[in-house]
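*Asks:* When we follow UniProt numbering, the leftmost residue of the sequence shown carries the number 1, and every step to the right adds one.
I should point out that these hints are in silico values taken from the structure, not numbers from a laboratory. These numbers were taken from a predicted model, which means no experiment stands behind them. For each residue, glycine too, the CB sits at the ideal point set by N, CA and C. Be aware that a few hints might be false.
Unchecked claim - The calculated lysine to aspartate or glutamate pairs, modelled on EDC-like cross-linking and capped at a C-alpha distance of 16 angstroms, are: (1) Lys53 to Asp16; (2) Lys144 to Glu109; (3) Lys144 to Asp164; (4) Lys53 to Glu12; (5) Lys53 to Glu15; (6) Lys161 to Glu143; (7) Lys144 to Glu169; (8) Lys161 to Glu134.
What the hints assert, rightly or not - Restraint-style ranges between C-beta atoms, simulated for each label pair: (9) Asp180 to Ala43: 37 to 43 angstroms; (10) Ala140 to Pro90: 19 to 25 angstroms; (11) Glu182 to Asp71: 17 to 23 angstroms; (12) Arg85 to Ala43: 17 to 23 angstroms; (13) Thr121 to Arg69: 18 to 24 angstroms; (14) Glu125 to Arg154: 18 to 24 angstroms; (15) Arg38 to Trp102: 18 to 24 angstroms; (16) Ala54 to Ala140: 29 to 35 angstroms; (17) Glu182 to Gln123: 19 to 25 angstroms; (18) Ala172 to Arg38: 38 to 44 angstroms.
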Amino acid sequence: MTVLLTPRLRLEPLEDRHFEGLHRLNSDPVVMRYITGRPDTPADTQLMIDRVKARWAEFGYSWWAFMRRDDGELIGTGCIQYLNRDPAEPLETGWRLRQDAWGQGYASEAARHMVGWAFRTLQPERVCAVCQPENTASAAVMEKLGMHFTGLGRWYDMDCKRYDVTASEWAASPARVQADAEA
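With the sequences and hints as input, model every part of the structure.
*Replies:* Below is the structure:
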(Lines of atoms letter the chains of each structure in order from A; the text may use other names.)
(Lines give C-alpha, C1' and ligand atoms only; values in the text may rest on other atoms or scores of the structure.)
Protein backbone atom coordinates (compact mmCIF):
# COMPACT_ATOMS: atom_id res chain seq x y z
CA MET A 1 0.00 0.00 0.00
CA THR A 2 1.12 3.49 -0.82
CA VAL A 3 2.50 5.92 1.76
CA LEU A 4 2.91 9.53 0.63
CA LEU A 5 5.29 11.98 2.31
CA THR A 6 4.80 15.73 2.24
CA PRO A 7 6.95 18.29 4.06
CA ARG A 8 4.77 18.08 7.19
CA LEU A 9 2.63 14.97 6.75
CA ARG A 10 2.86 11.23 6.30
CA LEU A 11 -0.19 9.93 4.42
CA GLU A 12 -0.74 6.30 5.46
CA PRO A 13 -3.46 3.96 4.17
CA LEU A 14 -6.24 4.10 6.75
CA GLU A 15 -6.43 0.98 8.91
CA ASP A 16 -7.56 -0.27 12.32
CA ARG A 17 -4.68 1.33 14.22
CA HIS A 18 -6.01 4.75 13.17
CA PHE A 19 -9.39 4.16 14.87
CA GLU A 20 -8.88 6.47 17.87
CA GLY A 21 -7.62 9.45 15.86
CA LEU A 22 -10.18 8.90 13.10
CA HIS A 23 -13.04 8.68 15.56
CA ARG A 24 -11.87 11.89 17.24
CA LEU A 25 -12.00 13.57 13.82
CA ASN A 26 -15.26 12.02 12.60
CA SER A 27 -17.16 12.51 15.86
CA ASP A 28 -16.71 16.30 15.71
CA PRO A 29 -20.04 17.71 14.49
CA VAL A 30 -18.36 20.85 13.10
CA VAL A 31 -15.94 18.77 10.99
CA MET A 32 -18.77 16.54 9.76
CA ARG A 33 -21.36 19.24 9.00
CA TYR A 34 -20.48 19.30 5.26
CA ILE A 35 -19.65 15.59 5.01
CA THR A 36 -22.53 13.63 6.54
CA GLY A 37 -24.27 16.33 8.53
CA ARG A 38 -23.84 14.40 11.77
CA PRO A 39 -21.00 13.11 13.95
CA ASP A 40 -19.94 9.48 13.60
CA THR A 41 -20.59 6.88 16.25
CA PRO A 42 -17.77 4.43 17.04
CA ALA A 43 -19.58 1.89 14.83
CA ASP A 44 -19.65 4.40 11.93
CA THR A 45 -15.91 4.96 12.28
CA GLN A 46 -15.20 1.22 12.25
CA LEU A 47 -17.44 0.77 9.19
CA MET A 48 -15.44 3.49 7.39
CA ILE A 49 -12.16 1.74 8.23
CA ASP A 50 -13.53 -1.62 7.06
CA ARG A 51 -14.85 -0.11 3.81
CA VAL A 52 -11.55 1.69 3.17
CA LYS A 53 -9.43 -1.42 3.81
CA ALA A 54 -11.57 -3.32 1.29
CA ARG A 55 -11.09 -0.56 -1.31
CA TRP A 56 -7.31 -0.55 -0.79
CA ALA A 57 -7.37 -4.30 -1.39
CA GLU A 58 -9.61 -4.01 -4.47
CA PHE A 59 -8.32 -0.85 -6.16
CA GLY A 60 -4.91 -0.11 -4.61
CA TYR A 61 -6.06 3.30 -3.36
CA SER A 62 -8.67 4.83 -1.09
CA TRP A 63 -8.41 6.96 2.09
CA TRP A 64 -5.18 7.94 3.79
CA ALA A 65 -4.67 9.03 7.41
CA PHE A 66 -2.87 12.39 7.58
CA MET A 67 -0.22 11.88 10.25
CA ARG A 68 1.74 14.95 11.31
CA ARG A 69 5.40 14.05 10.87
CA ASP A 70 6.66 16.02 13.88
CA ASP A 71 4.41 14.39 16.50
CA GLY A 72 2.66 11.42 14.82
CA GLU A 73 -0.83 12.86 15.45
CA LEU A 74 -3.67 11.98 13.07
CA ILE A 75 -4.95 15.42 12.05
CA GLY A 76 -7.05 14.47 9.05
CA THR A 77 -7.88 12.07 6.26
CA GLY A 78 -8.11 12.29 2.51
CA CYS A 79 -8.75 10.13 -0.50
CA ILE A 80 -8.54 9.20 -4.08
CA GLN A 81 -11.69 7.25 -4.88
CA TYR A 82 -14.44 7.06 -7.46
CA LEU A 83 -16.92 9.92 -7.25
CA ASN A 84 -20.06 8.81 -5.44
CA ARG A 85 -18.28 5.45 -4.88
CA ASP A 86 -19.21 4.53 -8.48
CA PRO A 87 -16.46 3.07 -10.72
CA ALA A 88 -18.27 4.55 -13.75
CA GLU A 89 -17.55 8.04 -12.35
CA PRO A 90 -14.21 9.89 -12.49
CA LEU A 91 -11.65 9.75 -9.72
CA GLU A 92 -12.27 12.15 -6.88
CA THR A 93 -10.10 13.62 -4.19
CA GLY A 94 -11.40 14.77 -0.84
CA TRP A 95 -10.23 15.58 2.68
CA ARG A 96 -11.24 16.48 6.19
CA LEU A 97 -9.15 17.92 9.02
CA ARG A 98 -9.44 18.36 12.77
CA GLN A 99 -10.49 21.89 13.66
CA ASP A 100 -7.15 22.61 15.35
CA ALA A 101 -5.43 21.94 12.00
CA TRP A 102 -7.63 24.30 9.94
CA GLY A 103 -6.11 27.30 8.23
CA GLN A 104 -2.53 25.97 8.29
CA GLY A 105 -2.28 24.71 4.70
CA TYR A 106 -2.46 21.00 5.57
CA ALA A 107 -5.43 20.29 3.28
CA SER A 108 -3.73 21.90 0.28
CA GLU A 109 -0.43 20.17 1.04
CA ALA A 110 -2.02 16.72 1.31
CA ALA A 111 -4.33 17.27 -1.67
CA ARG A 112 -1.43 18.30 -3.94
CA HIS A 113 0.31 15.03 -3.17
CA MET A 114 -2.80 12.84 -3.48
CA VAL A 115 -3.75 14.39 -6.84
CA GLY A 116 -0.15 14.23 -8.06
CA TRP A 117 0.03 10.56 -7.08
CA ALA A 118 -3.25 9.87 -8.90
CA PHE A 119 -2.09 11.48 -12.14
CA ARG A 120 1.36 9.81 -12.02
CA THR A 121 0.17 6.36 -10.98
CA LEU A 122 -3.39 5.91 -12.22
CA GLN A 123 -3.17 8.30 -15.19
CA PRO A 124 -6.83 9.36 -15.26
CA GLU A 125 -8.15 11.88 -17.75
CA ARG A 126 -9.31 14.05 -14.84
CA VAL A 127 -9.63 14.23 -11.08
CA CYS A 128 -12.61 15.96 -9.51
CA ALA A 129 -13.69 17.12 -6.06
CA VAL A 130 -17.09 18.02 -4.66
CA CYS A 131 -18.28 20.13 -1.75
CA GLN A 132 -21.47 21.63 -0.49
CA PRO A 133 -21.89 25.21 -1.78
CA GLU A 134 -21.45 26.63 1.74
CA ASN A 135 -18.09 24.90 2.19
CA THR A 136 -15.97 27.77 0.92
CA ALA A 137 -12.79 26.51 2.63
CA SER A 138 -12.82 23.26 0.62
CA ALA A 139 -13.69 25.14 -2.58
CA ALA A 140 -10.64 27.36 -1.99
CA VAL A 141 -8.40 24.27 -1.69
CA MET A 142 -9.87 22.94 -4.94
CA GLU A 143 -9.04 26.21 -6.69
CA LYS A 144 -5.48 26.13 -5.27
CA LEU A 145 -5.13 22.69 -6.90
CA GLY A 146 -5.88 24.29 -10.27
CA MET A 147 -9.38 22.83 -10.36
CA HIS A 148 -12.19 24.76 -12.00
CA PHE A 149 -15.89 24.82 -11.16
CA THR A 150 -17.83 22.58 -13.56
CA GLY A 151 -21.33 22.78 -12.13
CA LEU A 152 -23.79 21.71 -9.48
CA GLY A 153 -24.95 18.15 -8.99
CA ARG A 154 -26.09 15.62 -6.45
CA TRP A 155 -23.45 13.32 -4.99
CA TYR A 156 -23.43 11.41 -1.71
CA ASP A 157 -27.09 12.38 -1.26
CA MET A 158 -26.15 16.08 -1.08
CA ASP A 159 -26.31 19.03 -3.46
CA CYS A 160 -22.69 19.84 -4.28
CA LYS A 161 -20.44 22.00 -6.40
CA ARG A 162 -18.03 20.02 -8.56
CA TYR A 163 -14.51 21.07 -9.48
CA ASP A 164 -12.30 19.28 -12.04
CA VAL A 165 -8.69 19.35 -13.18
CA THR A 166 -7.66 17.47 -16.32
CA ALA A 167 -4.33 15.74 -16.75
CA SER A 168 -3.09 18.49 -19.08
CA GLU A 169 -4.26 21.23 -16.69
CA TRP A 170 -2.52 19.44 -13.80
CA ALA A 171 0.70 19.15 -15.84
CA ALA A 172 0.75 22.96 -16.17
CA SER A 173 -0.49 23.66 -12.64
CA PRO A 174 1.57 25.54 -10.04
CA ALA A 175 0.18 23.00 -7.52
CA ARG A 176 1.88 20.17 -9.45
CA VAL A 177 5.16 22.09 -9.58
CA GLN A 178 4.95 22.69 -5.83
CA ALA A 179 4.13 19.03 -5.08
CA ASP A 180 7.05 17.89 -7.25
CA ALA A 181 9.39 20.28 -5.44
CA GLU A 182 8.16 19.00 -2.06
CA ALA A 183 8.58 15.32 -2.95
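*Asks:* Each hint needs a verdict: does it hold in this structure or not?
*Replies:* Verification of the supplied hints:
1. Lys53 to Asp16: holds (9 angstroms)
2. Lys144 to Glu109: Judged against 16 angstroms, a Cα distance of about 10 angstroms means the pair holds.
3. Lys144 to Asp164: holds (12 angstroms)
4. Lys53 to Glu12: Cα-Cα ~12 angstroms, so holds.
5. Lys53 to Glu15: Roughly 6 angstroms between the alpha carbons, so the hint for lysine 53 and glutamate 15 holds.
6. Lys161 to Glu143: holds (12 angstroms)
7. Lys144 to Glu169: Holds, at roughly 12 angstroms.
8. Lys161 to Glu134: holds (9 angstroms)
9. Asp180 to Ala43: 37 to 43 angstroms: For alanine 43 against aspartate 180, whose Cβ atoms are near 41 angstroms apart, the range 37 to 43 angstroms holds.
10. Ala140 to Pro90: 19 to 25 angstroms: Cβ of alanine 140 to Cβ of proline 90: about 21 angstroms, so the range 19 to 25 angstroms holds.
11. Glu182 to Asp71: 17 to 23 angstroms: Holds - the Cβ-Cβ distance for glutamate 182 and aspartate 71, about 19 angstroms, lies within 17 to 23 angstroms.
12. Arg85 to Ala43: 17 to 23 angstroms: holds (19 angstroms)
13. Thr121 to Arg69: 18 to 24 angstroms: holds (22 angstroms)
14. Glu125 to Arg154: 18 to 24 angstroms: This hint holds: roughly 22 angstroms between Cβ atoms.
15. Arg38 to Trp102: 18 to 24 angstroms: Check passed, 20 angstroms falls within 18 to 24 angstroms.
16. Ala54 to Ala140: 29 to 35 angstroms: holds (32 angstroms)
17. Glu182 to Gln123: 19 to 25 angstroms: Roughly 21 angstroms apart at Cβ, these two residues keep to the hinted range, so it holds.
18. Ala172 to Arg38: 38 to 44 angstroms: Since alanine 172 and arginine 38 have Cβ atoms about 40 angstroms apart, the given range 38 to 44 angstroms holds.
Every hint from the earlier list agrees with this structure, and none is contradicted.
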